[in-house]
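Chains as they are written, first to last, in the working numbering: chain F, 1 to 329; chain G, 1 to 258.
For the record, the hints were derived by calculation from the structure and aren't laboratory data.
Here the structure is a predicted model, which means the values were calculated and not measured.
Any given hint could be a false lead.
Unchecked claim - Computed, partial: chain G to chain F, Cβ under 10 Å: (1) M54; (2) Q76; (3) R77; (4) T85; (5) Q87; (6) A112; (7) Q118; (8) D120; (9) I126; (10) H143; (11) A164.
Note that CB positions come from ideal geometry on N, CA and C, so glycine has one too.
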Amino acid sequence: MALSEGTITPRLYLSAQTRWRPAEIVFWLATLLPYFFFPNYLSLASQIAIAALFALSLDLILGYAGIVSLGHAAFFGIGAYAAGLLSKYGWGEPLSGLVVAAFAAGVVGYATSFVICRFRHLALIMLTLGFGLLLAELANTLGWLTGGVDGLQGIHTWKLLGYFSFDLYGRVAYSYALAVLFLLFLFARRLIHSPFGLSLRGIRENFVRMPAIGAPSQAHMRTIYTIAASIAGVAGALLAQTTETVSLDSLGFERSAEVVVMLVLGGTGRLYGGLVGAIVYMIARDQFSGVVPQYWYFWIGILLVGVVIFLPNGIVGGLAQIAARWSRK
Amino acid sequence: MSAPALATRGLSKSFGSLAVARDVDIELPKGVRYALIGPNGAGKTTLINLITGMLQPDAGRIFLDDADITALAPEQRVRRGLVRTYQINSLFPHLTALESVTLAVCERTRAARTWWRQLDAYPHEIDEAYEILTALNLGTACHRLTRELAYGQQRLLEIALALATRPKVLLLDEPAAGVPRDESKELFAAIAGLSSDITVLFIEHDMELVFRFATRIIVMVGGLVLVQGPPHEIANDPQVRAVYLGKAPARVLEPRHG
Chain F
1 MALSEGTITP
11 RLYLSAQTRW
21 RPAEIVFWLA
31 TLLPYFFFPN
41 YLSLASQIAI
51 AALFALSLDL
61 ILGYAGIVSL
71 GHAAFFGIGA
81 YAAGLLSKYG
91 WGEPLSGLVV
101 AAFAAGVVGY
111 ATSFVICRFR
121 HLALIMLTLG
131 FGLLLAELAN
141 TLGWLTGGVD
151 GLQGIHTWKL
161 LGYFSFDLYG
171 RVAYSYALAV
181 LFLLFLFARR
191 LIHSPFGLSL
201 RGIRENFVRM
211 PAIGAPSQAH
221 MRTIYTIAAS
231 IAGVAGALLA
241 QTTETVSLDS
251 LGFERSAEVV
261 VMLVLGGTGR
271 LYGGLVGAIV
281 YMIARDQFSG
291 VVPQYWYFWI
301 GILLVGVVIF
311 LPNGIVGGLA
321 QIAARWSRK
Chain G
1 MSAPALATRG
11 LSKSFGSLAV
21 ARDVDIELPK
31 GVRYALIGPN
41 GAGKTTLINL
51 ITGMLQPDAG
61 RIFLDDADIT
71 ALAPEQRVRR
81 GLVRTYQINS
91 LFPHLTALES
101 VTLAVCERTR
111 AARTWWRQLD
121 AYPHEIDEAY
131 EILTALNLGT
141 ACHRLTRELA
151 YGQQRLLEIA
161 LALATRPKVL
171 LLDEPAAGVP
181 RDESKELFAA
191 IAGLSSDITV
201 LFIEHDMELV
211 FRFATRIIVM
221 VGGLVLVQGP
231 PHEIANDPQV
241 RAVYLGKAPA
251 RVLEPRHG
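Using the sequences and the hints, build the whole thing.
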């Protein structure tokens, strides 16, 4: 943002950072387009909204606190199984399912955060990877509970708010996923603009310096890790409820890697990066796998390499740069 | 006599066979301006690392206002008012100067624990950060990213971050390192102008600055406190002249490493 120095008071400057920008309003209005222009793609749209929520939760730890995780799907999976099991055993009310899923993923997130917050860099990546693999194998072994490789069957999601039943076209599913995404986005947006959010950026920028300004970095990291785990759990629950099935790959390594790719494509640490990344990734996957079903990863690879080389701050970062150059002219 | 602001008793630390701190006893009365001098490798920065808890001592105790803080974590020591700066800038490159100092203020007031209210709900923290920056002549640069600041401004930001924690004891590790001479005088004038409630210990190589701004001087050589006293005594001490001020005989006593 181009601001002439000294002409704006610090209070105004910092509150200006939190103001809604026109591009943000356009973005959220655009999320309504599928209803009018792509009514046959509403199921895909709801998948995208779920992926976006998952990527948003990863951005909170990776983009803001610098915690690189290769096992984030663990929380997605816990949320999915929690909501799925709840429904299978007789309680299919969707909203309370989300709460249970958030709680389950949050508890596991909080427990593991005590280990996570002591490490950085490669050790952290390996730890999260290890936790993820462990949990995936556990879910596989506990076939009686999770359904193993066959997936969790017998989920029935009740009507949303007791009124809207989930239809075949995915109209309700998309509305539901989009509404939850938007509400949790508002929550995340508020969080990153809070004093706590500033501390997270401090941890990302200079972890070593934080204790020297009296910051309890480890406590901060535990808090954000728990919050991000809960949000990932909600994303998983949405998938379980809208597809009425949970498979082992919901907490597999591939899903963990996929969400990192989405976030990097969109741009880390910018709130919208995960959302835009999820849109691009999911649409690319849908289109490419339609053309050459076996090789769609090839194209995703090209996309990833291209973005990393030419747009080091991701698609959103690149767009922001172009917009900044435009406004300076 | 009131308790010293900061004291160490028998502080020792070795890296393998290299003793970097040997039985260090220092005592800083409240409000003094102490200079810590000594040749390269004398263990000055190590002493700061030990006092602030960035390093664990092998033996010895550290007291802040008579309270034993040896077992406290670094951030807990900061909370109690024992704060340091770094010889090599250790800042937040992609935060603005204002954001950096606001961050430090919010950590002190514990506003940093709240994630359900936005920063604009904390105008006092923001104002305080801005006042600190203004006092250090950084007011006009406060919206610039740290990495875009001039080097001298970054050195000042180091001090601003420390001040935001409201220190009782401030340990400055070569605050003017790498700053041109005329700017370093300004920097030290700012340090001299700090509230007399703050006890300051600074490491500095420029003897002119040391003798101008220090009320007492500690001389370290090879991890050992050689002598401490007021500037005129230090200037006339034959031992100090030998190891530090007079360059020629210093070789004898200088530690072999670094």
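Going through the hints against the structure:
no.	hint	result
1	M54	holds (8 Å)
2	Q76	holds (8 Å)
3	R77	holds (9 Å)
4	T85	holds (8 Å)
5	Q87	violated (13 Å)
6	A112	holds (5 Å)
7	Q118	holds (5 Å)
8	D120	holds (4 Å)
9	I126	holds (5 Å)
10	H143	holds (6 Å)
11	A164	holds (7 Å)
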